[in-house]
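2 protein chains.
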Amino acid sequence: MSLNIPSVKVPRVVIIGGGFAGLELANELGNKAFQTVILDRNNHHQFQPLMYQVATAGLEPSSIAFPFRKIFQKFRHFHYRMVSVLKIFPEKKRLLTDNGEIYYDYLVIATGAGNNFFGNANIEKYAMPMKSISEALALRNTIFQRFENALTSEEETEKQANLNFAIVGGGPTGVEIAGALAEMKNAVLPKDYPEMDFTKMRIIIIQGDDRLLSAMSPKSSEKADLYLKELGVEILYNTRVTDYDGASVTFNNHDSIATKTLIWAAGVIGNRIAGLNEAVYGPGGRIFVNEFNQCAAHESIFVIGDVANVQGDELYPNGHPQMAQPAIQQGKLLAKNLVRLQNNEAMKPFKYKNLGNMATIGRNKAVVELPNSKFQGFFAWLVWLVVHLRSIIGVKNRFIILLNWIWNYFTYNLSLRLIIRSKDKSL
Amino acid sequence: MSLNIPSVKVPRVVIIGGGFAGLELANELGNKAFQTVILDRNNHHQFQPLMYQVATAGLEPSSIAFPFRKIFQKFRHFHYRMVSVLKIFPEKKRLLTDNGEIYYDYLVIATGAGNNFFGNANIEKYAMPMKSISEALALRNTIFQRFENALTSEEETEKQANLNFAIVGGGPTGVEIAGALAEMKNAVLPKDYPEMDFTKMRIIIIQGDDRLLSAMSPKSSEKADLYLKELGVEILYNTRVTDYDGASVTFNNHDSIATKTLIWAAGVIGNRIAGLNEAVYGPGGRIFVNEFNQCAAHESIFVIGDVANVQGDELYPNGHPQMAQPAIQQGKLLAKNLVRLQNNEAMKPFKYKNLGNMATIGRNKAVVELPNSKFQGFFAWLVWLVVHLRSIIGVKNRFIILLNWIWNYFTYNLSLRLIIRSKDKSL
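Read top to bottom, the protein sequences are chains L and A. If you count the first sequence from 1, position 273 lands on 273 in the working numbering, and the numbers rise without skipping. If you count the second sequence from 1, position 239 lands on 239 in the working numbering, and the numbers rise without skipping.
Excised from the complex, chain L in its bound form:
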């Protein structure tokens, strides 16, 4: 096996990962004087902010998955390969993948962050995370399977465990999925299951902190708490999960709740590739880089996005928030800096421009914090819709998402409540 990348005269930039950071970088490098190689295990970019809507049957996976080959048709000297990177050899400027080796002139690590189960193997085995479309689909399948199982449970305790949905983590993901589940409980499920009493369905957020959305202002946290409680969501503050065996989740206060479904939105850890010096890793598995996103020990290696811990931005001494905006801004700047580097010009340091922060809770309910204003409610919800729709790649995808949103809004009818598993054979 070999990656079969042709040799050309321009320098080769290898980007590991096509998330927000890697995709922006690749797009900006575009037809510049580089050979760009993007390596990703998936053949598509995944739009993470809307994954919770895939998990709750509001959107199709294809609406938030964009095939790399289609995105990059317009570029020359551009190569995508669907591989996993196994090891970096910085001295040799080479990578080992599961499909052969590749040389680089510049390496950009944009591997993002994965689920952090804090070393608990039980939780890793039984909890349902939501960091990829594959996981979101599995969660959708699971949620609808639970209701079917609740219906055929003979014991009341078993039925209740199928109807209890525990969500670990009160950040945007946890809040958004709780809100979507609550909307489903209130508007969709009683029609689908006239035989079942959905007042018994419980949605419980387990938050380690004393407020939700702790990256936002106390006012936003308060509103999120209010909106969720109006929807019937229970919130356990200052509570941490200590164990989960697939049937019952245990907390640090020794309480427990019987639940078949534990949704994991609690923490992330940088996706690590072997070969770098252990000293480059900081808290959360993030790689320390200088203000140019450059690895101190290896000047040909750059790190961007969630996995980067950029030093030198005085407002963010512990690294930038692990969200789309810093990743996109770092990708954009790095493209320019690589050109500067090629031209022997000085690189420019990264300064994060915070464009705002938002989370949606349910119909007509969201919290938005822009640099100059904070607001909540219906208008915030509209802003959330517009901002997310604008970020979607492709006219048809935007149109289909908009159609689904309008349809779901007026009919109270999430139409994608399907249990479908692809029946893959060995490849």
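Just to be clear, a hint being listed does not mean it is correct.
Claimed, not checked - The calculated lysine to aspartate or glutamate pairs, modelled on EDC-like cross-linking and capped at a C-alpha distance of 20 Å, are:
1) Lys159/L <-> Glu195/A
2) Lys131/A <-> Glu101/L
3) Lys70/L <-> Glu195/A
4) Lys159/L <-> Asp245/L
As the list claims (entries may be wrong) - Now the stretches of chain L that chain A is said to cover, found in silico as 3 or more residues with beta-carbon under 8 Å:
5) 33 to 47
6) 56 to 65
7) 128 to 135
8) 142 to 155
9) 228 to 241
10) 347 to 357
11) 388 to 401
Calculated from the structure, these hints are not laboratory results. Just so you know, even glycine gets a beta-carbon here, dropped at the ideal spot from N, CA and C.
Following the hints, position chain A against chain L.
The following block gives chain A in isolation, referenced to the frame of chain L:
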């Protein structure tokens, strides 16, 4: 475990399978004086005629999958359960499912037909069938994986095996998927993979008979042959597959072709449930029933759709074609006959009204045979589109399919070329 179906005074009709036949029957029974129970392993009806478009990235699974609970929200005394039926006990009028037992007054077997691998375990293991959405999705994943693998193959023979697609069976499914793959080869793939020479991609139909679409007229077969050859599809007539090991397919004439992908559209066999007398089964695993779709040995048991071999319709001594139309017509009639039976009226015999037969080959190319006319080409293709679109359940689904069709037609851009597998955990 128990199915937890409430007891009511009206007689209980249990329908096994929610395909075209079972769905039509359930809809027609609707709010009549029966308790209707529909049992299906999937939580949705699958629209089989368009599965090949899911497999070739033209449509989303959700566009051709309709959740049973949504379809049946409007009915009282109606129960859907997501179970597999393990055994029928005709004497006790009971069924055993993987989720407990259930009593019936009338049992309707509408289990349809599955893939017939003619007892070849190798083919069953390695070939890709397309009788369910799960299988169609797996095929989509596989097709796109093949191109990625072709790109990183070091040996020419390995690369070619990834680019060879063999399709066993020249009925509508085989013809339609061959046409769709050829369109993809000609219009989409060269843009996605500028590095690869797609003139090397081969699409080969293997047909046991001496013509395609053998249920249609020789003229239609001739046109299908012509259209497919114009698109670059190769057709091996009078050829049968004897073995396939995942790398090479062997024929009865001892030839072989190296291919990583063998698409199985060759034959079906009735889906069997244990418990019935062996004597009820005829050729292809179909169950002999009288002109009222009633099992001779068990008058409370009815069989409809692909799995039924209805006797007494003189035009169809060997059973009706295993297609949507006979299934739908049998479901519709059985609903009326069950009412007649309840009222002690005489049941009416089934007479198949052939509404026509059609297959699409590619852009602007289809063959249509209506009772009074046969035509081919662009107008046939339009008729095919309209007929299929009209059969889709749900306004939004129709709209999204139409949008995808229009989009794909004008942009030559099947946008759903994604490799996505749901990451399910044990449930």
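inquiry  = Hints numbered earlier in the text: which of these fail when held up against the supplied structure?
reply    = 1, 2, 9 and 10
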